[in-house]
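Novice: So the chains spell out like this:
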Amino acid sequence: MDFLRPASWQEALAAKAEYPTAVPIAGGTDLMVEINFDHRRPDALLDLNRITELREWETGRQTVRLGASVPYSRIMEHLRAELPGLAQAAHTVASPQIRNRGGVGGNLGTASPAGDAHPALLASGARIEAVSVRGTRMIDVDDFYLGVKRNALAPDELIRAVHLPKATGPQAFAKVGTRNAMVIAVCAFGLALHPDRRTVRTGIGSAAPTPVRARVAEDFLTAALADGGHWDSGRPPAPSVAAEFARLVAGAANPIDDVRGTAAYRRHALGVLARRTLGWTWQAYREQDRSPACA
Amino acid sequence: MRVTLTVNGRRHQADDVWEGESLLYVLRERLGLPGSKNACEQGECGSCTVRLDDVPVCSCLVAAGQAQDRDVVTVEGLADPGTGLAPVQQAFLDAGAVQCGFCTPGLLVATDDLLRHCPQPTDADIREALSGNLCRCTGYEKILDAVRLAAARSGETAGER
Amino acid sequence: MTAEPTRGPRRLTRAPRAAQGVGVSVARPDGTLKVTGEFAYASDMWHEDMLWGHTLRSPHAHARVLSIDIAAALAVPGVYAVLTHDDLPTSQTRYGLECLDTPVLADGVVRHHGEPVALVAADHPETARRAAARIAVDYEPLPVVHDEATALADDAPVLHPHRDDHHAPHVRHPNIVHRQPVRRGDPDAAAARADVIVTGTYTVGMQDQAFLGPESGLAVPAEDGGVDLYVATQWLHSDLRQIAPVLGLPEDKVRMTLSGVGGAFGGREDLSMQIHGCLLALRTGKPVKMVYDRFQSFFGHVHRHPATLWYEHGATREGLLTHMRCRIVLDGGAYASSSPAVVGNAASLSAGPYVVDHVDIEALALYTNNPPCGAMRGFGAVQACFAYESQMDKLAAELGLDPVEFRRRNAMSQGSRLPTGQVVDAPAPVAELLRRVKALPLPPERQWETAGAAPDVRALPGGLSNTTHGEGVVRGVGYAVGIKNVGFSEGFDDYSTARVRLEVAGGEPVATVHTAAAEVGQGGVTVQAQIVRTELGVQQVTIQPADTRVGSAGSTSASRQTYMTGGAVRHTCEAIRERVLALGRARFGGTHPAWEHAELLLEDGKVVTEAGEVLAALADVLDGQAIDIEQEFRHRPTQPFDRMTGQGFGHVQYSFAAHRAVVEVDTELGLVKVVELACAQDVGKAVNPQAVAGQIQGGTVQGLGLAVMEEILVGPDAKVRNPSFTDYLIPTILDTPTLPVDILELADHHAPYGLRGAGEAPTLSSTPAVVSAIRAATGRALTRVPVRPEHITDTP
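Chains as they are written, first to last, in the UniProt record's numbering: chain A, 1 to 295; chain V, 1 to 161; chain X, 1 to 796.
None of these hints come from the bench; they were simulated from the model.
Hints are not guaranteed to be accurate.
Pairwise CB distance ranges (calculated) [to be verified]:
id, chain 1, residue 1, chain 2, residue 2, range
1, A, R150, X, L74, 30 to 40 angstroms
2, X, K253, A, H39, 33 to 43 angstroms
3, X, A453, V, D54, 25 to 35 angstroms
4, V, Q13, A, A264, 54 to 64 angstroms
We put the CB at the ideal spot given by N, CA and C, even for glycine.
Put together the whole structure using the sequences plus the hints.
Specialist: Listed below in structure tokens is the structure:
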């Protein structure tokens, strides 16, 4: 096994081009488990810890460019206003120690359906900045997850950053686990209201081979909110609308039975989470509307 | 490969390190610092918690090479050689928070970090801050007592100043 | 080669402060080493030039081993040895706690997933792992038996066809390890008098001890052909008895020293790396260290027996039990371990702490291809307690009685007779314990509500995962009480040995204690020192590392070590005191009449009368002489249970605890937050109150874990599906509520200081109390632990 220690981003890209089988390691919170448990022996490790810009973020007028290695604990502390969904998801990641090391780039690189960041990235409409010596491309999060632990990165590409639209409305993330902390999701759900566009977006974790959006549910809710004039009135959608939204979210999942939970339970729980997060975000939307100064 | 790092204020060098080794292994087996513990090696128990550049992390999930030129503080570095046990160490002893003690080093590093950032934590704050540190012996009650005790004593000391 | 490792066990000496005798919350003598990181656990052992051992385990639950090719592994640079069954030095190739049925390395057949097949010693753990991966094993899978139906089918594969253990002639199928009936009274006639009859079938999942310090040890070959072994275990001499014969060595050539133990809870009663490490050390001539990772650990020790329990209880309208019938089937897995004793406990304690005169009880353990099961805290009594306490709630509901009041009416007390016919001849404050937990004020409701708008999710079911802000949350309260035996039972010659030395050093009397008792975290070293201070009146007490140079202390299990090794230390101290007084009489007898006539005590370094008059300083009495005595201590004998009726004085002491659980359940998602879990327990005498409370709280939380999250999942292929801390979940501090503890001290006059073994009882009643509270919140029947969200939400 080789250990590559690029001192700069350019060196990292060059190394990845030269050794495409080298596995990037930043927080190490996925990869080191696989090495410690003898599940994986990469030809080379590509250490990204010395590349400081990966741990930085830039807040623009409409988006946040979030470095791939910004630790979850920093996201929780500093980006709660701009990226509320992701900040809530970050707070549910593993343990404080892991949140101090792990970042969104790792979740994306591993592309496990259980990664906590994915539902929030899907719901907010993130784009992934994938870079190689050949250049930079932006991958829409909707196109990023290809299969169980497979993503759209080319062998010579690294994730430089994730571009997330700054929240224009309330967002929520909730995850079901059988322990009250430090638990991998049985299933997870992210919901973002986008009042500027009068749409909603969702993300489902741990309930399909990849993280997925519940598009039919989004379309249904977007239409129902428009038809009922809810964006203007602030009136909460009727319980029947919430129930249908929940049903459609559950239907969007394609879960399996495993040691963490059954497929039927995952569907059931996703419905509950969809209904609750809709309630919370809509409540927040109404309050925001009434007292915009108190943000 | 060779790894050079600072641990508890001292420069250390380890040679012939296998690239897949963790910082935890290097500390325990190469640098003679076995205080950080190897309970799960998958980031699910916190017994290997150390401060890496002042941030608590699971040393089992830091690749040895990633620790190159970095600053590490382990449980062995909590006590001041001049004045004896650190306040959190004394509080864990006094409160009966130590049984088998295998979780203790990680809990001490995590508690020390909590009290640096939040000197007077609520019970919920304590529980959240220590939620990455498993203990199998105590049921945690006396660990909470210990953290409260350490916080109270540091409050008294602060008041005297 | 020097036998001593560079890093190894140390003598524990603490500077004395005030009087630190029996009944005081004295600090642990190993505490400072533990908080500074200097305490040497088994995995911290280190020796110059040592090798690393690694175990290759079976991927199959049942298979014939057709061939093993180690050539490629041996060819890996840095590999010093690769061993298989063919390399074992003698014809004795099996070991076991009660039955010699466990192969050191697979001999032609593997009987469970993870069974050790081959060993590697190499210069680095990674070298050993790579070499192990190159061992080519050709398996022919065999059909598995994984439950009662498959194990006891007429054509079931027989796992141990050549059994010669003493239970073998008495079982109706060779896949039954042991079966114990208990029959008393006339249950049929009593059932006819019942106004209500309640039946239920309950299931207990496979719990893991999940001690944090993984199985580890260091074996150092010695020049005399023997081996020195530093290891984390619960019973050095039992290990020694099993290790020496398979190494082909006399016991005096296998010298064992206890290293630091990172928790045990029963999981270190069976051997793990002990023989393997010694084999590799003897083969290579080098020290060999073995440290299991968490994956290996899940395969490296036995677990709590999963159980299926069928119960029938009857009661009169007045709320008095008429009869009880039950059948308890324990899954022992591939090897016997301590299954026979677990069966004995389950059978004899199956009625719980209640008076039931008419019973028909059957408990048995099976051989299956599931992981081997054996000792874990509570040991047979845990499984039964979940079932009988579930039944008590059901009966109370049927009768329209308050569940605590119903239990009170049937609670046993001193003088009550157990189903085994044994009369409980010490306090049994069952009703009082329940009364105490019930009398506690209830914790405030809706503690998640804050002054601000957002709820504190840390106080809600789901915790940090943000699943509810109060929606669907319902509170429930539940109660349970349990009974556990203390010490080894059924006629076992249960003893402990202590060696105590009293001498004067630097003008001060000092005592040194040497036992083989395993300190596993419970605080045995603390109470040994406390007892010496109380008995000999010295302040400076040193605890020697536990090793096999002194007689057996028995196991650190069955809640027995304070009773037994504490008893042995006290017993030895009494002999030392007699010797001191004899010396004093010889030297100073003429100086004061009290030497001949009065009851004399050793206090504060002096010989004093009961009235406190000082007769002489210990230093003057000893006058440079040291007194050094080793003695054994036994509890009063017990008897085996009759094989047909289960009658007999089987247990030496009983221990009781009661819990009240307050839970909040997210009824829509099936997630549980335990809000408070209060315990009242009678400990006879709290030798160290702080340590006793720690035992009660720790045991309580292990019971909580079994109630709502902890289970090793084994598929119908008998393979373990979650051998990691990612998927075997134990409670975090955010899952754990406040744990009020109420300690009663009603002396048992048969025991030293009147004490009662305390470590296990709280693990029993915690689980059913939590489940009872969840039932109260949800209205669901919940007959299985751990309760999963699927059960609460009734989703398949």
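Novice: None of the hints should be skipped; say for each whether it holds.
Specialist: Comparing the hints with the structure gives:
1. A:R150 / X:L74: 30 to 40 angstroms: For X:L74 against A:R150, whose Cβ atoms are near 38 angstroms apart, the range 30 to 40 angstroms holds.
2. X:K253 / A:H39: 33 to 43 angstroms: holds (40 angstroms)
3. X:A453 / V:D54: 25 to 35 angstroms: 34 angstroms Cβ-Cβ, so the 25 to 35 angstroms window holds.
4. V:Q13 / A:A264: 54 to 64 angstroms: holds (56 angstroms)
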